[in-house]
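**Student:** This is what each chain is made of:
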Amino acid sequence: MLGFDPEDPLPGKHPGLTLLNDRPVNAETPPHLLEPKVTPADRMFVRNNGLVPRDLPPTPTTIPPDWALRIAGEAVPEPVTFTLSELRERFPNYTYQLTLECGGNGRSEFNPPARGNQWSTGAVGCPEWTGVRLRDVLKAANYDSSKAVYIGYYGKDTHLSGDPDKVPISRGVPIEKALEDESLIAWAMNDEPLPLLNGYPLRLVFGGYPASCSGKWLSEIVVRDRVHDGEKMGGQSYRVPCEPVAPGTTVEDKDMCIILDMPVKSLLTSPRTGAIVEAADGLSIGGHAWCGSSEVARVDYSIDFGASWTACQLNRPANRFAWQHFSAKVDFPVAGYYEVWARATDADGNAQPMVLPGWNPRGYLNNACHRIAVKVV
Amino acid sequence: MGFRARAIGILGLLTMAALAVTRCTDEDTGPQPTEAKASRIVDGLDMDTGLIAEGEYLLVKGNCLACHSAKLVTQNRATREGWSQMIDWMQEKQGLWDLGPQREPILDYLATYYAPDESGRRPPLENIEWYKLDADE
Chain A
1 MLGFDPEDPL PGKHPGLTLL NDRPVNAETP PHLLEPKVTP ADRMFVRNNG
51 LVPRDLPPTP TTIPPDWALR IAGEAVPEPV TFTLSELRER FPNYTYQLTL
101 ECGGNGRSEF NPPARGNQWS TGAVGCPEWT GVRLRDVLKA ANYDSSKAVY
151 IGYYGKDTHL SGDPDKVPIS RGVPIEKALE DESLIAWAMN DEPLPLLNGY
201 PLRLVFGGYP ASCSGKWLSE IVVRDRVHDG EKMGGQSYRV PCEPVAPGTT
251 VEDKDMCIIL DMPVKSLLTS PRTGAIVEAA DGLSIGGHAW CGSSEVARVD
301 YSIDFGASWT ACQLNRPANR FAWQHFSAKV DFPVAGYYEV WARATDADGN
351 AQPMVLPGWN PRGYLNNACH RIAVKVV
Chain B
1 MGFRARAIGI LGLLTMAALA VTRCTDEDTG PQPTEAKASR IVDGLDMDTG
51 LIAEGEYLLV KGNCLACHSA KLVTQNRATR EGWSQMIDWM QEKQGLWDLG
101 PQREPILDYL ATYYAPDESG RRPPLENIEW YKLDADE
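The listed protein sequences derive, respectively, from chains A and B. Residue numbers for the first sequence follow full-length UniProt numbering, beginning at 1 and rising by one. Residue numbers for the second sequence follow full-length UniProt numbering, beginning at 1 and rising by one.
These aren't lab readings, by the way, just hints derived from the structure by calculation.
To spell it out: a stretch of chain A is covered by chain B in this simulated footprint if at least three of its residues, at any positions, have a beta carbon under 8 Å from a beta carbon of chain B; those stretches are:
1. 20 to 26
2. 102 to 115
3. 354 to 366
No more than 27 Å apart at the CA atoms, straight line, and that leaves these computed lysine-lysine pairs for BS3-like:
4. A:K156 <-> B:K93
5. A:K254 <-> A:K147
6. A:K156 <-> A:K139
7. B:K71 <-> A:K232
8. B:K71 <-> A:K156
9. B:K93 <-> A:K254
10. A:K147 <-> A:K177
11. A:K375 <-> B:K132
12. A:K37 <-> B:K132
13. A:K329 <-> B:K132
14. A:K166 <-> B:K71
15. A:K177 <-> A:K139
16. A:K166 <-> B:K93
17. B:K93 <-> A:K232
18. A:K232 <-> A:K166
Glycine included, every Cβ here is placed at the ideal spot set by N, Cα and C.
Produce the entire structure from the sequences given, and follow the hints as far as they go.
**Tutor:** So, in structure tokens, the structure goes:
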């Protein structure tokens, strides 16, 4: 019924992932499993609004040449359809490391609680994606740049209710984002076919935007002459109050704005929280930092709850929208209980808050500093 | 007698819902409410679902789990008003049927057993599994 073994809700995924929900399937990755610089496919988090399409292989090994992608919408004169093999052969192929993070990553910390999957820190990853530029494909479909405002997607996933007339999710991005170099129609993750749960065989990838913009099991792209109004573009979904509100406020739909760039954020991936270390050894720490636009300019760590901060080593990104790697060697003044906190700052001077950022009804955009517990003996 | 009448009522609703919505029942076992009997209970949890096996949990099992898994309930916390808004949203957007007289007892259950915890903006780290760094990695 689910198109894969119901005994294994996470086919092809690492056993260390945390299953948040099995219908629809949602799972996140513990921080220490995100240690590799390029996220392995089996460790990429899973976020579904609907049901995975049936009749697709649970652990794909080949890319289906005849999978069809239709380009339509008000700003396309005549709908055009490309097969997956036409996409691969007709347009230049590009490979980028692109960070995808769920808009609701960190939701579990909000209070009053926000409903939805209670993501902690693991709805993020940065694999290497291969595909064609969305821009090249839209041009080949003769889209009208004077009319185009937004692109929207449709995929082959089905609504939880089973109603074939209901669309589980149909989101998208402003045309300016769609036309960027790194905006891909992708068929490969780390040189292999996409995992089924991450959109096999074809999906969009927009680094730096909420991952829900990057449609999976992609079958149609519409170039709209208005802000796309598909399922979960309006109401309270993936939107936050246009003006800050007090925690627990009821906010009307008209006062909510669509999330665009994700905020600056970082994650300590090494060591795993709970490390007991010898004082004489010190501690090597490491992790990743990312932001939705520009670049992360610095990462600092604190072992005294923010009273003082020390700069980490920070690498430049492999390409725009790739996460960056930081590291440091930490010395502790005396034995005892410590928390190591990491704080990233982007090139515009925006830093991660130590407390939760502004409360919002659905619990999006929690980019508060990550921390791990360490005991020095 | 009350429960029997209620069960028949739910069955009626479910039959109507099944006509409109083809997948919100388990195809192997039929409509959920007829299955929503007490199963094995361990440590106060219903072993089928992980729901706290107190109060009117069978109503939740029967109505809510037809469409989504119990984890969508058990991982969330909300006040009665919050749970009520979620049910409204599911009815407006997601095809949940009118719960009729079941609505109030379902809300009683959710607001009692899945109520929000009071906590600060960054509570102390919890459930730390300590390990010797050298031995571990």
